[in-house]
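Trainee: First to last, the protein sequences are chains W and F.
This note's numbering puts the first residue of the first sequence at 40, with every later residue one more than the last.
This note's numbering puts the first residue of the second sequence at 397, with every later residue one more than the last.
These are computed hints drawn from the structure, not numbers from a lab.
Incorrect hints may have been included.
[What the hints assert, rightly or not] Derived contacts from chain W toward chain F, CB cut-off under 7 angstroms, selection only:
hint : residue
1    : Tyr110
2    : Thr120
3    : Ala256
4    : Gly257
5    : Leu261
6    : Phe321
7    : Ala328
8    : Pro638
[To be verified] Computed far set for chain F versus chain W, every beta-carbon distance over 12 angstroms:
hint : residue
9    : His400
10   : Thr402
11   : Gly437
For each residue, glycine too, the CB sits at the ideal point set by N, CA and C.
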Amino acid sequence: MTVQTWTYLLVGVSFALYIFIAVRSRAGSTNDFYVAGGGVPPLANGMATAADWMSAASFLSMAGIISFTGYDGSVYLLGWTGGYVLLALLLAPYLRRFGKFTVPDFIGDRYYSRTARLVAVVAALFVSFTYVAGQMRGVGVVFSRFLEVPVNTGVVIGMAIVFFYAVLGGMKGITYTQVAQYCVLITAFLVPAIFLSIMSTGNVIPQLGFGGEAVGAGTSLLAKLDGLHAELGFDAYTSGSKSTLDVFCITMALMVGTAGLPHVIVRFYTVPRVRDARVSAFWALFFIAILYTAAPAVAAFSRTNLIESVEDAPYRADTAQGDETPLPEWFKNWEDTDLIAWVDKNADGRVQYRPGAAFEALPGQAKVMPIFSGAPGDPLGRGKHGERLLQNPPTANNNELYVDRDIMVLAAPEIAALPNWVIALVAAGGLAAALSTAAGLLLVVSSAVSHDLLKRGFAPNLSERGELIAARSAAAVAVVVAGILGIHPPGFVAEVVAFAFGLAASSFFPAIVLGIFWKRTNGTGAVLGMIAGLGFTISYIVYFKFLGGTPDQLWFGISPEGIGALGVLVNTAVTVGVTLVTPAPPAAVTEMVESIRAPRRDPGAHAS
Amino acid sequence: MSDHPTVDERDRAACARHWQRSLRLIAVLLSVWFAASFGCGILLRETLDQYMLPGTGFPLGFWFAQQGAIVIFVGLIGAYVLLASRIDAELDAEREAIHGEGGSR
């Protein structure tokens, strides 16, 4: 069977499964809709949380980024897992004991302030929309590459599926669908990883093969890779090129941001008891760690395969001399999708891969992306060797190759010449990752509108039924908006992700942690702290991402992605400072804090 | 006025002790969290990279950053689940004693 038949089959079966589950677990009340009735078993909740957390970015892009940046890519591995430790220890059990529906609920009640609630709602909406646009785009890209439908049709199909189970099932439908999606995505990630590991190192377990000996090289895989990098003039794979301080700050911002993301926090409201909140945090990180320890292994295997199969390979098969292998077929397939490009600078018909960009950005391009002279089928757009010609002017260095980072996971099975069903499985996995995250985020948007904005804000008399209708309508509108953002992505989607983490880190995290661990924190302090933290972080990111700030102006070389780490400190300092010079919070609030710190007395626990 | 604290006061004192124990547990676990990720994986990475993780081809600092710290994180939450439950059970037992002899219920 062809790749396409396999893809239709696997994607079709997995979609049918998601819809079946959604129909079986419809939401009947707001409690079902927001927190799945608070009755999800911890193991299932852990799996759902893991699927919710691992987005198209984790599944498709992360291994690619690590592959191209080596050690520097560790910031994502550490940041997106270490945040769960903060979450499990500092937030999850206490928020579960508090026992409401949303993050703005806690902020609003703890700081007895509608302003605080509104600041929290706006931040939650912004973070969620930023994220969800990227997911819908991911759905579209997978559809277009593997099912050969236009990206926009792919986005619409994705919207229809998410619409169906998020609007119908609410958190209950989403949670059980996500359990299935986790199983699909982890299988889809591990199967090619295991194949790659066996081929590169002869070890069945990718995490061990990563540190194992390269087949036929007589040295470890990493030593071989560092050697290849040194030969071609790249920085060593295992040491990277970012400064230690920058790596430190980015990791910190991502960790704290992870712990402050509303769609992650809300998962811990869905389990029956406080102990279950802790246990499900454990399972969540356990399931995430399976993918996150395999991803850097895939990155290293793919990097080695990429360099070995393209470096100095002749583009045309008939120009190969002796026992040389010409450039493989996948290279040309991906070149046809605009994601690989080759400029034959020294006119030797062979690919030379070196550090630096192979060509310049055209005027008006935000980053270096290839613009080809003609469509893939146009013979006039082809050069002497059959390669696609570029409009971009070549750079002066001797690198001739452009490879889009995002293809490393999608192309890895092809690069390693794996069977067709493995390639189809990766497509189904990418869709599962994108859909599960999109659904979780849409739920946050819907509850922020129907619960925080209407019921607890402007329309307190809303009935239970009315609130449920409002929640469903809000979810429906959010799906459509997300789809439109996916079809017409604002040019800066990638840049805005820095925002999402920076904002979550510099707003929610300090407000919630101080609210639990320092009884004296008052509303004025928290509100001003959140505004100061957000203001500081936003200004820095906007200045360097949109207003043309240059790298030499960076404070201590901290990149915008890492500024959230300082935003946390600014927020905390302002909150503490203002709190100390303003009156203590009301006694009722102090008592509420007391009550979430200790378990409730349960006289039935020991007595029989 | 008797010198004996009331049931309510003793309950509060027990809760305060529970909170202190929880804080100590969190502090210990977070120190390990910091040492594994920011310590070994980032700040001390270059020093540690001079050594290999025994029996493998991993430079030690690189291993912490891309494998070890993640495994340690999972272990930390596992330890937290067990130890926090124990602290909660201690509080339950103390309260049982307080309220049992106070004859409330």
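Trainee: So which of those numbered hints doesn't the model satisfy?
Mentor: Of the numbered hints, 3, 4 and 11 do not hold.
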